[in-house]
Amino acid sequence: MNGGKVTLGRTAGLYAGAAVLRLALFTLFPGLPDLLTGRVEISTPVTSFKRLQEGLFLYNHNVSPYDGGVYHQAPLLLPIFNLLPSFSTFPIFTYLLYIAVDILSADALLRIAESGEAGSSARFTSPRRDKRWSGAVIAALFLFNPFTIATCIGRSTTVFTTCAILHAIANAISGCHFHAMIALAFASYLSMYPLLLLPPLILLCYDRQKQPAGPRAPDAWIKFTGTMVMDVFGALAVLFQMSFMLTGSWEFLSSTYGVQLTLSDLTPNIGLWWYFFVEMFDSFRSFFLAVFWLHLSSYVGGLSVRLRQQPLVVITLLLGIFAIFKPYPSIADASLFLGMVPLYRHVFPLLRYSFVIAAIIIYATFLGPAFYHLWIYAGSGNANFFYAITLVWGLGLSLLVCDLAFAVLRDEWEVERPEMVGKEIRQI
Amino acid sequence: MRRFFPSFLLSLLSLLCFSPYAVVANPSTTSADSTSVSDSRSDYHEQLILRPLPLSALLASFNFRSNTSLSAFEAHNFRFFPRSLGQILQHAGTRELHLRFSLGRWDAESWGARPWNGAREGGTGVEMWAWLEAETDEEADHKWLTLTNALSGLFCASLNFIDSTRTTRPVMSFQPEGNHIDANATNMHLLYGVLPHEVVCTENLTPFLKLLPCKGKAGIASLLDGHKLFDSSWQTMAIDIRPVCPEDGECVLQIEQSIDMVLDIDRSKRPRDNPIPRPPPAHEMKCNTSKPYNAHDTCFPADSAANQDWSISQIFGRPIKGACPLTDPTVSPVCIQVPDSRVVFASEGAIEKKNPDQTSRCFDFPAENDFEIFLPAPDGSVEVVVDQLVNKPETPLLYAERSFTGHGQERGGVQTILRNPSPDQEVEFIYMESLPWFMRIYLHTISVRVDGQPGKADDSLIHEVYYRPAVDRARGTQLEVRMTVPPASTVFLTYDFEKSILRYTEYPPDANRGFDVAAAIITILNKDQSVGNSRFAAYNLRTTTLLCNLPTPDFSMPYNVIIFTSTAIALAFGGMFNILVRRFVAANEGPENGLKKGVNKLKAKLAGVLKKTKKGGDKKQGSIFAAAEEVTTEKTE
Numbered sequence: 001m002n003g004g005k006v007t008l009g010r011t012a013g014l015y016a017g018a019a020v021l022r023l024a025l026f027t028l029f030p031g032l033p034d035l036l037t038g039r040v041e042i043s044t045p046v047t048s049f050k051r052l053q054e055g056l057f058l059y060n061h062n063v064s065p066y067d068g069g070v071y072h073q074a075p076l077l078l079p080i081f082n083l084l085p086s087f088s089t090f091p092i093f094t095y096l097l098y099i100a101v102d103i104l105s106a107d108a109l110l111r112i113a114e115s116g117e118a119g120s121s122a123r124f125t126s127p128r129r130d131k132r133w134s135g136a137v138i139a140a141l142f143l144f145n146p147f148t149i150a151t152c153i154g155r156s157t158t159v160f161t162t163c164a165i166l167h168a169i170a171n172a173i174s175g176c177h178f179h180a181m182i183a184l185a186f187a188s189y190l191s192m193y194p195l196l197l198l199p200p201l202i203l204l205c206y207d208r209q210k211q212p213a214g215p216r217a218p219d220a221w222i223k224f225t226g227t228m229v230m231d232v233f234g235a236l237a238v239l240f241q242m243s244f245m246l247t248g249s250w251e252f253l254s255s256t257y258g259v260q261l262t263l264s265d266l267t268p269n270i271g272l273w274w275y276f277f278v279e280m281f282d283s284f285r286s287f288f289l290a291v292f293w294l295h296l297s298s299y300v301g302g303l304s305v306r307l308r309q310q311p312l313v314v315i316t317l318l319l320g321i322f323a324i325f326k327p328y329p330s331i332a333d334a335s336l337f338l339g340m341v342p343l344y345r346h347v348f349p350l351l352r353y354s355f356v357i358a359a360i361i362i363y364a365t366f367l368g369p370a371f372y373h374l375w376i377y378a379g380s381g382n383a384n385f386f387y388a389i390t391l392v393w394g395l396g397l398s399l400l401v402c403d404l405a406f407a408v409l410r411d412e413w414e415v416e417r418p419e420m421v422g423k424e425i426r427q428i
Numbered sequence: 001m002r003r004f005f006p007s008f009l010l011s012l013l014s015l016l017c018f019s020p021y022a023v024v025a026n027p028s029t030t031s032a033d034s035t036s037v038s039d040s041r042s043d044y045h046e047q048l049i050l051r052p053l054p055l056s057a058l059l060a061s062f063n064f065r066s067n068t069s070l071s072a073f074e075a076h077n078f079r080f081f082p083r084s085l086g087q088i089l090q091h092a093g094t095r096e097l098h099l100r101f102s103l104g105r106w107d108a109e110s111w112g113a114r115p116w117n118g119a120r121e122g123g124t125g126v127e128m129w130a131w132l133e134a135e136t137d138e139e140a141d142h143k144w145l146t147l148t149n150a151l152s153g154l155f156c157a158s159l160n161f162i163d164s165t166r167t168t169r170p171v172m173s174f175q176p177e178g179n180h181i182d183a184n185a186t187n188m189h190l191l192y193g194v195l196p197h198e199v200v201c202t203e204n205l206t207p208f209l210k211l212l213p214c215k216g217k218a219g220i221a222s223l224l225d226g227h228k229l230f231d232s233s234w235q236t237m238a239i240d241i242r243p244v245c246p247e248d249g250e251c252v253l254q255i256e257q258s259i260d261m262v263l264d265i266d267r268s269k270r271p272r273d274n275p276i277p278r279p280p281p282a283h284e285m286k287c288n289t290s291k292p293y294n295a296h297d298t299c300f301p302a303d304s305a306a307n308q309d310w311s312i313s314q315i316f317g318r319p320i321k322g323a324c325p326l327t328d329p330t331v332s333p334v335c336i337q338v339p340d341s342r343v344v345f346a347s348e349g350a351i352e353k354k355n356p357d358q359t360s361r362c363f364d365f366p367a368e369n370d371f372e373i374f375l376p377a378p379d380g381s382v383e384v385v386v387d388q389l390v391n392k393p394e395t396p397l398l399y400a401e402r403s404f405t406g407h408g409q410e411r412g413g414v415q416t417i418l419r420n421p422s423p424d425q426e427v428e429f430i431y432m433e434s435l436p437w438f439m440r441i442y443l444h445t446i447s448v449r450v451d452g453q454p455g456k457a458d459d460s461l462i463h464e465v466y467y468r469p470a471v472d473r474a475r476g477t478q479l480e481v482r483m484t485v486p487p488a489s490t491v492f493l494t495y496d497f498e499k500s501i502l503r504y505t506e507y508p509p510d511a512n513r514g515f516d517v518a519a520a521i522i523t524i525l526n527k528d529q530s531v532g533n534s535r536f537a538a539y540n541l542r543t544t545t546l547l548c549n550l551p552t553p554d555f556s557m558p559y560n561v562i563i564f565t566s567t568a569i570a571l572a573f574g575g576m577f578n579i580l581v582r583r584f585v586a587a588n589e590g591p592e593n594g595l596k597k598g599v600n601k602l603k604a605k606l607a608g609v610l611k612k613t614k615k616g617g618d619k620k621q622g623s624i625f626a627a628a629e630e631v632t633t634e635k636t637e
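Keeping their order, the protein sequence lines are chains A and B. The opening position of the first sequence corresponds to residue 1 in the UniProt record's numbering, with each subsequent residue numbered one higher. The opening position of the second sequence corresponds to residue 1 in the UniProt record's numbering, with each subsequent residue numbered one higher.
None of these hints come from the bench; they were simulated from the model. All residues carry an ideal CB built from backbone N, CA and C; glycine is no exception. Take the hints with a grain of salt, since some may be wrong.
To be verified - To list a few chain B residues with every Cβ distance to chain A over 12 angstroms, as calculated:
(1) CYS201
(2) ASP248
(3) VAL344
(4) ARG475
(5) ALA586
(6) LEU602
Unchecked claim - Below are the EDC-like pairs computed for lysine to aspartate or glutamate, each with C-alpha atoms no more than 20 angstroms apart in a straight line:
(7) B:LYS392 to B:ASP264
(8) A:LYS223 to A:ASP207
(9) B:LYS210 to B:ASP225
(10) A:LYS50 to B:GLU203
(11) B:LYS527 to B:GLU372
(12) B:LYS143 to B:ASP163
(13) A:LYS423 to A:GLU412
(14) A:LYS423 to B:GLU592
(15) B:LYS286 to B:GLU250
(16) B:LYS215 to B:GLU203
(17) B:LYS354 to B:ASP340
(18) B:LYS217 to B:GLU372
(19) A:LYS50 to B:GLU372
(20) B:LYS596 to A:GLU424
(21) A:LYS423 to B:GLU589
(22) A:LYS50 to B:GLU498
Just need the whole structure built from these sequences, with the hints factored in.
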């Protein structure tokens, strides 16, 4: 009991520290929020706070924000921000909202970490599971990650998606399937791509559901999956209906999700899509759009089947893949993935390239803004400079995703072959 | 780089199709001539107004106007009205058309108010707006497309490039000039298109002159020469077609063609054989003797305008080749706006008529002789005040300048400085921008600030905003703001925008030159209905066009980018696939893979061969082979 109280105090202190740090950055450097909002690494066309303000302005002046090329975010964000006191006069309320969302995300991450799901799931228990960090450490690693802080100060609307995804996972682990599915529906409604997390999340829910007495019916999983899918799509239908009532037409669909599907806005970002489709020949544009989306969704099935015993790992790896290969990625997506990685502290010794990965991420973090400056402002470099650094960033992150997958699989394998711990192995 | 082939062919075709009409219609019109001149329903007049401006500039305003009665027009009876244009208008259901070809910048600070109160000018490039008769928006768009394509062929301009991204439907800025019976009817559609990048040149002037009854062979139009017109500091060619209904009598369709140009007198007088400007020799230099340091070896050059002599043939390169015989004899063909105190010589046979306002005089001259005007340099010292030589320019109602703020190719701002010179009158106007879609403007950043009150936005000056946001690749931004500027103050109107990066095929060949952004149109509203030449606008002005630099990709490497990105994706996918589908084994377990297998086989074979040779060698030679054998075994171990 005593230990519990200490932890409670510690997490409260942690959250307070994170909030104070963010508040200090907001208030002591008044130029910082707008500077970060303008950075392409933080704000993408589908998450930019400046575009949200423009959408809000048009919404308040009876111009449909979706009848234009600027606002590509979900309609329900408009009334939420409209309820807050006006940003131009009382920015503090917006700051507090963003800080609160970040702390909610950290809290969900803490719950995930405390559950120990990463080390011992329903079907698999890692021999190394004892070697793990406490939830507070993992929450701290998320909250004090410079990427997370920059995202919060830059007021990117990705934080809402991040929060919804983490809550979906936390609820799935604690057995609240319905809440998990609602949270996932919210995430999908805001950013579309989290819908791809549905299969591993259903597996996670299925594994962690409260066991009824007696053996399960053999086809119970079909019924279970059906319910889950119905929950998500029902929630999505309600959200869409509300959006329709709010905006009065269905044009928000093509403006929010259509832009992600067709990549009509080619604003530079840290992903691999924009430059590819700037340089793509017109006749092949739709073909490669289809290929890129197919590639992005192709991981879901393979990972879910191969890592059936550890659905949380599947979700983590998918988040990493989305952070690299989704149409408009930003460092906010990387910060979510990097926030999930410390859950696998127990397999860190099995990582093969941790130094290389850390070096690449730091290298790209510092060189990216510099090269962007050379291209856009100094004029002494061209677009290839920034493109090259996005390639490096993408390769670094994909190395981390692959290495994590390798470490987790080896950990699984060593349960079968305990004598192989620490031995050299190979794959055939 | 003019591309108008399909539309040009189209208009040619349509002309060919109509040609039988021309044959049939001509005799009837000529027979009707004698009557139609007398009832003045169908008439023509032309007038050139020369106005010397300060700083050795000369404004020449050419105006040509002809009428045709609506009934004759509908019966395809064209007399002075150009047939080619008339048929296009009928085909496209156009009720009123305005077309502008412009070049250069009007320097309001030194030249004052614009000619015609700005009603006959356009922004740099080509501008056009028309009222079309159509039941639906789609039909109007279709007719607009027909009209632009046909006019593109007629005027040799890239008007066919006015597509949906360059077309807007202004709500507040334009009002029909003509008398329409059903002016507010729903079947009248106003469409406005602008091509700021279009370079206006001789090939646009030639078709313009062909529309005139005298075709530039006689009358004031004989002065219009591409070399002079497009060498001017500012020029605008306008065509306005509108129905006019006099209170008594039949409605007529009126076409008004006007050309306004500001010539630099010094530059125009420069001889063709010695076109490079050189400083004049010291003894020819005219000094401003009012300067205190003026001495025999120091000279401050006198204001060149103070000492100008010029004649029409010096400025335009030729005299007027007699009056156009078709013109209305009651309207003097040439007027010059100089104070009555200045001496003006005209060629023989010309009649000078001084206007009672003492600032202008007009000349009538016969059709047979060339006509020439000569203004000698005034006598006496160079201190003669400019006012006595040149009419003092009228102060415009508003000065406007527009520029970009910020740096870099990512984002920027637009700042318009609006200055009201009047000490006691506030100015109410409509500010209209039609911006290309790749400038993503943020309307929430629009702000108005009065000069002298830094940091304080004054939104009460904005009364009404009409905004239609751009849609990528489909529609441009349309912004109309109704606002006022208080008396004797300067107002800054600013907003932010973001520059988008385009697909590499969407850039023009000279991508790093930048993209032209059309001029902002300012329409000052007419509060007092009796002043101004239009019932709606008291004064129009346009800012200059802007050049917007967008970020550019590397145009040379589409293949490289496709290859590099695909490689990165293949590495990630391949790496993941490899890890997922292959089994783990200890390093020394499992089947050997291809290469290792081969190497091991080779080793085994080598070892076998060596063993055999060793056995044979032992028997025959002994020690040398034994030593070699020792080395190989060491290696294999």
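Taking the hints in turn, this is what the structure says about them:
no. : hint                 : result
1   : CYS201               : holds, 32 angstroms
2   : ASP248               : holds, 47 angstroms
3   : VAL344               : holds, 55 angstroms
4   : ARG475               : violated, 8 angstroms
5   : ALA586               : violated, 6 angstroms
6   : LEU602               : holds, 21 angstroms
7   : B:LYS392 to B:ASP264 : holds, 18 angstroms
8   : A:LYS223 to A:ASP207 : holds, 14 angstroms
9   : B:LYS210 to B:ASP225 : holds, 13 angstroms
10  : A:LYS50 to B:GLU203  : violated, 46 angstroms
11  : B:LYS527 to B:GLU372 : violated, 42 angstroms
12  : B:LYS143 to B:ASP163 : holds, 12 angstroms
13  : A:LYS423 to A:GLU412 : holds, 15 angstroms
14  : A:LYS423 to B:GLU592 : holds, 18 angstroms
15  : B:LYS286 to B:GLU250 : violated, 59 angstroms
16  : B:LYS215 to B:GLU203 : holds, 15 angstroms
17  : B:LYS354 to B:ASP340 : holds, 8 angstroms
18  : B:LYS217 to B:GLU372 : holds, 16 angstroms
19  : A:LYS50 to B:GLU372  : violated, 64 angstroms
20  : B:LYS596 to A:GLU424 : holds, 17 angstroms
21  : A:LYS423 to B:GLU589 : holds, 12 angstroms
22  : A:LYS50 to B:GLU498  : holds, 11 angstroms
Taken one by one, the earlier hints fail for this structure at numbers 4, 5, 10, 11, 15 and 19, listed in ascending order.
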